[in-house]
Amino acid sequence: MREKDASDELVHRYFLTILQFHRVFMNENKQPPDKFPESTYTGTLRKHAHTIKHSEKMLMFALHAVSREFPNDVNVSDLSRLLHVKPPSITAPLNHLEKMGLVRRVQDEHDRRIVRVHITDEGQDFLRQAKDVFYERTRGLIDYLGEEKAKQYVSLMEDVLAYIKTKHEQHDQRDQI
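For the sequence shown, my numbering gives the first residue as 1, with consecutive numbering after it.
It is worth saying that the hints were derived from the structure and are not from the lab.
Watch out, some of these pointers could steer you wrong.
[As the list claims (entries may be wrong)] No farther apart than 25 angstroms at their CA atoms in a straight line, the calculated lysine to any residue pairs in the SDA-like style are these:
{"hint": "1", "residue 1": "Lys165", "residue 2": "Asp175"}
{"hint": "2", "residue 1": "Lys99", "residue 2": "Val76"}
{"hint": "3", "residue 1": "Lys53", "residue 2": "Leu10"}
{"hint": "4", "residue 1": "Lys86", "residue 2": "Lys167"}
{"hint": "5", "residue 1": "Lys53", "residue 2": "Ala130"}
{"hint": "6", "residue 1": "Lys165", "residue 2": "Asp78"}
{"hint": "7", "residue 1": "Lys151", "residue 2": "Ala162"}
{"hint": "8", "residue 1": "Lys47", "residue 2": "Ile119"}
{"hint": "9", "residue 1": "Lys131", "residue 2": "His171"}
{"hint": "10", "residue 1": "Lys53", "residue 2": "Ser77"}
{"hint": "11", "residue 1": "Lys131", "residue 2": "Lys167"}
{"hint": "12", "residue 1": "Lys149", "residue 2": "Val11"}
{"hint": "13", "residue 1": "Lys47", "residue 2": "Val133"}
{"hint": "14", "residue 1": "Lys149", "residue 2": "Tyr14"}
{"hint": "15", "residue 1": "Lys131", "residue 2": "Met157"}
{"hint": "16", "residue 1": "Lys47", "residue 2": "Asp121"}
{"hint": "17", "residue 1": "Lys53", "residue 2": "Val24"}
{"hint": "18", "residue 1": "Lys53", "residue 2": "Leu127"}
{"hint": "19", "residue 1": "Lys86", "residue 2": "Asn75"}
{"hint": "20", "residue 1": "Lys167", "residue 2": "Pro87"}
{"hint": "21", "residue 1": "Lys57", "residue 2": "Pro93"}
{"hint": "22", "residue 1": "Lys57", "residue 2": "Met157"}
{"hint": "23", "residue 1": "Lys131", "residue 2": "Asn75"}
{"hint": "24", "residue 1": "Lys99", "residue 2": "Val115"}
{"hint": "25", "residue 1": "Lys99", "residue 2": "Glu122"}
{"hint": "26", "residue 1": "Lys57", "residue 2": "Leu94"}
{"hint": "27", "residue 1": "Lys149", "residue 2": "Leu161"}
{"hint": "28", "residue 1": "Lys149", "residue 2": "Leu10"}
{"hint": "29", "residue 1": "Lys4", "residue 2": "Val160"}
{"hint": "30", "residue 1": "Lys165", "residue 2": "Asp125"}
{"hint": "31", "residue 1": "Lys131", "residue 2": "Val11"}
{"hint": "32", "residue 1": "Lys47", "residue 2": "Lys57"}
{"hint": "33", "residue 1": "Lys131", "residue 2": "Gln20"}
Whole structure, please, built from the sequences with the hints as guidance.
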């Protein structure tokens, strides 16, 4: 059995910090809209703040991001492939987003088997407001950390992302062998 070393303590601290981040962010998402400052959550965002799940919000941002790649709306199969999930796993979130009026599914005119997902005007408004809130909070974090530490933090996050992408690529290459 291997001895514990300093890296084990660091791994443990990292693990606890990630858990605390998760608790804070998940708790924040469960807060009723009236707990947020009026200037932060207004309009469409305030209307859906308590009913939209974090995963649905992330799906909305993913849809928005891939809309540049698919200007005629993305189909469910392409979306699931881009998100590395099976199509059935995004059905329930899409159903809820559609019920809230944030997205709309439309059958392809040329191939009725293909269902395209379109962000509605209300969905675009929601995303715009959510992005504004994110930017406002991030500016607060930058002010809190100071510009130099904030730059270091962003640089470290970019390094972590590069590491994770490399691991995913290695895993994908092993799967192809």
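Against the structure, the hints:
1. Lys165 to Asp175: 15 angstroms, holds
2. Lys99 to Val76: At roughly 17 angstroms apart (the allowed maximum being 25 angstroms), Val76 and Lys99 satisfy the hint.
3. Lys53 to Leu10: 31 angstroms, violated
4. Lys86 to Lys167: 21 angstroms, holds
5. Lys53 to Ala130: 13 angstroms, holds
6. Lys165 to Asp78: 20 angstroms, holds
7. Lys151 to Ala162: Holds, at roughly 16 angstroms.
8. Lys47 to Ile119: 17 angstroms, holds
9. Lys131 to His171: 32 angstroms, violated
10. Lys53 to Ser77: 22 angstroms, holds
11. Lys131 to Lys167: 29 angstroms, violated
12. Lys149 to Val11: The given pair, whose Cα atoms are some 22 angstroms apart, holds under the 25 angstroms limit.
13. Lys47 to Val133: Given that 25 angstroms is the threshold and the Cα spacing comes to 14 angstroms, the pair holds.
14. Lys149 to Tyr14: It holds: about 18 angstroms lies between the C-alpha atoms, which stays within 25 angstroms.
15. Lys131 to Met157: Holds, because 19 angstroms separates the two Cα atoms, which is no more than 25 angstroms.
16. Lys47 to Asp121: 14 angstroms, holds
17. Lys53 to Val24: 15 angstroms, holds
18. Lys53 to Leu127: Measuring from Cα to Cα gives roughly 14 angstroms; hence the hint holds.
19. Lys86 to Asn75: 13 angstroms, holds
20. Lys167 to Pro87: Between Lys167 and Pro87 the Cα gap is close to 24 angstroms, so the pair holds against 25 angstroms.
21. Lys57 to Pro93: 9 angstroms, holds
22. Lys57 to Met157: Status holds; Cα separation ~21 angstroms.
23. Lys131 to Asn75: 24 angstroms, holds
24. Lys99 to Val115: Given pair Lys99, Val115 holds - Cα atoms ~16 angstroms apart, limit 25 angstroms.
25. Lys99 to Glu122: 12 angstroms, holds
26. Lys57 to Leu94: Holds: Lys57 and Leu94 sit about 11 angstroms apart, inside 25 angstroms.
27. Lys149 to Leu161: 18 angstroms, holds
28. Lys149 to Leu10: 20 angstroms, holds
29. Lys4 to Val160: Holds, at roughly 24 angstroms.
30. Lys165 to Asp125: 31 angstroms, violated
31. Lys131 to Val11: 32 angstroms, violated
32. Lys47 to Lys57: 14 angstroms, holds
33. Lys131 to Gln20: Holds. Lys131 to Gln20 sits at ~23 angstroms (cutoff 25 angstroms).
Checked against the numbered hints given earlier, this structure breaks hints 3, 9, 11, 30, 31; the rest are met.
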